[in-house]
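*Asks:* Please assemble the complex out of the two chains, which come individually in their own frames, going by the hints.
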Amino acid sequence: MHEQNTQLDHDEVDLLLPWFVNDTLADAERQHVQRHVETCSACQDSVAVLQKIQDAAQTDSAVPMVPSPRMNDLMSAIAADESRRAPRRWWPAAAIAASVAAVLLVAMLVVDNPALPPDPGVRFETATSEGAAALMDYVMAVEFEPGTTAINRRQAFEVYDVAEFVAESEPDTFRIMIRLPVSSLEDLERVRNEMESHADIRSVRILALQLPMR
Amino acid sequence: MNDPVSERIGDNRHEQSLLARVANEDRDALGSLFRIYHPRLFKFVFRLTRSFSIADELVNDIMLVVWQKAGSFRGDSKVSTWIFGIAYRQTMRRVSKKKLALAPFADAENVAVENGADLEQEDWIQHGLHALPEAQQLTVVLVFYLGLSYEETAEVTDCPVNTVKTRMFHARKKLKRLLEESAIPNAYSDED
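Top line first, the protein sequences correspond to chains B and Z.
The C-terminal position of the first sequence is numbered 308 in our numbering, with every residue numbered one higher than the one before it.
The C-terminal position of the second sequence is numbered 233 in our numbering, with every residue numbered one higher than the one before it.
The hints are simulated quantities; they were obtained by calculation from the structure and are not laboratory data.
Some but not every residue of chain Z turned toward chain B, in silico, with C-beta under 8 angstroms:
1) Asp67
2) Arg68
3) Gly72
4) Arg76
5) Pro80
6) Ile166
7) Val181
8) Lys206
Residues from chain B that keep clear of chain Z, each with C-beta distances beyond 12 angstroms, as calculated:
9) Gln125
10) His126
11) Asp231
12) Ala235
13) Glu264
14) Arg284
15) Ala293
16) Asp294
With a cut-off of at most 25 angstroms between alpha-carbon atoms, the simulated DMTMM-like pairs for lysine to aspartate or glutamate come out as follows:
17) Lys146/B / Asp108/B
18) Lys214/Z / Asp199/Z
19) Lys110/Z / Glu176/B
20) Lys110/Z / Asp266/B
21) Lys215/Z / Asp105/B
22) Lys110/Z / Asp97/Z
23) Lys217/Z / Asp117/B
Think of the CB as a built atom: it goes at the ideal place given N, C-alpha and C, for glycine as much as any other residue.
Bound conformation, chain Z alone (with noise of 0.2 angstroms):
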């Protein structure tokens, strides 16, 4: 099974009972749940904002929230959604607040590559993906680099699955329009 981050959130049936031990106040639960979501919601909120400051200081503020909340955790999704679905409402608040733009996807010329061919394609995903209006370039980031299914994207962003599917699809859309656009030969082939 393709694992797209380097450690796929582990077992939720654990991080549940220390989500409940959370609930009852136990910070020695919340700091093992802090130890095991960190890297990830770091990278997470970093890909979004591009800024180290902002990142560290989001995580904390993240982890505070699921302090609080975790009397609410009902139990029908799991934990690595409910707290991502926290990190996405965090950093979307903090990014308009203030008036920061989602970040480029990376930074083209920081992408080490080994062979030409290589960095024209993935200066076109990149380039392409910056230029995608924000909720669909979360959506990507949520299914290709946490790797959510459609349901639970739908969850962390906490709109209908129909709404996933449909940014997904347009943003689809407007990578190959840009790529036609580049005339970057072979990187994508008309759709019928």
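Chain B with its partners taken away, still in its complex shape (with noise of 0.2 angstroms):
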């Protein structure tokens, strides 16, 4: 019996023997090897053989100089994996030239015309116009200044009241849009000139208008 258990001991203390030896065993099993390794010349010899080992995985020469990090191809991949990844939640190509239109279409409504008599016999509806809708939503697109962290771009979206935004293919710039109460171009403007002086953004581009259901 005490041999059994005596085995049993050197069995359990052998498989533990190259974790003695690159010296990550917690303290107890750390003690419980090292008495047993004292007294037993057959894990001794197994020691010394796991040491060479070890010695070999480490002083392998055959592996070259290191290259320098290529940061800039991690960045780029990450920027292309991110483009994969947006989810396509904005319209095709044909709806955005439609809002391209539509926003031409208010232009020639709000600037005012005096070559243009008045047809007392047609009744124009502006997006100044009484009855309109108060609030309009823009399309744009927001390029931030290169390294704008992500905690400071959500916080500058915040502020204008947007949750969603899309990763564009030029670097650090975002499509969104945005809901806005503006009364004329001028306005519009206005609010674009605001948002480009916050410090983290660099241009921002008006790229359609969606005039709401009523």
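*Replies:* Following this line, the structure appears as structure tokens:
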């Protein structure tokens, strides 16, 4: 029985010898193994060989000079991966073209053209007409300063109550939809300038307008 | 304490803080982690593949996965264990996809030695390791090159601790048998 216990102890210690040699055993285990090794010649021989294996592992001179990290390649891979993963929430190109046409139409209606006499038989409705919607949705491309962190980006969007944004193919540029109570093109321009004055925002381009459904 | 890697991976608390920032899409933090881990990852992958170009490419692939999965790190292991787990899986995936064999542990002729006796023993060790099955060879690399504990080795290879111990046990048995067949005196004595 005693011999059986001793053999069990030896077998248990033997399994742990590699980690005794690389010095990663917990204290209690290390002390138990140490006590056994001190009285077991077979384990002492095993430790000697394992140390040679460890030496060979650590002195492998066939590993060449390590190249510099290719940081730019990594960042490009991340940008490409994010573009691939971005959900396609936005309208297809035809719908965007229709929105742009709507912007032009609204612009034409808003601009006061004294050359055209008012036709008493036709009633025009503009963005600033009485009864027009108080808020309209604008699609914009927002370019951030390089190096703007994700946290600062979210904070900038929160100021304008923007919850969703999609990465564009240009670096640091995101497409957003923002609802604004603008009453004229000058007002819209004022909002755009205000957004561009934000410390982290480099430029804002208005891409399209969505007229709200009534 | 025996430090098997030229610079043991640093302060885990600092790395955890970097990884948390990476989870918030902080590219500067990813850059810092990349600089910390790049040399070790490159050497680890190169040892397994013996291809400079594959190692160079794989290291970037590994860091891309770190970027994608940073949010899933729960802090119940060291950052180094988590990252080398990714490295292990990415390397195995590339090796099996390209039908590469794991490379010999080292080319005997490239090993600088000081005397003939050292060359014989190191030569034996290297050829012996090359003859091991993949899983056993990897276990030896993880334990003796990266200096992982058995729990960390189990985590990196995603298998139970007893499996790790068993693989190492069989690796040692095979190395002993190879030595006996090569009849190199005094390199290994019989166990009881």
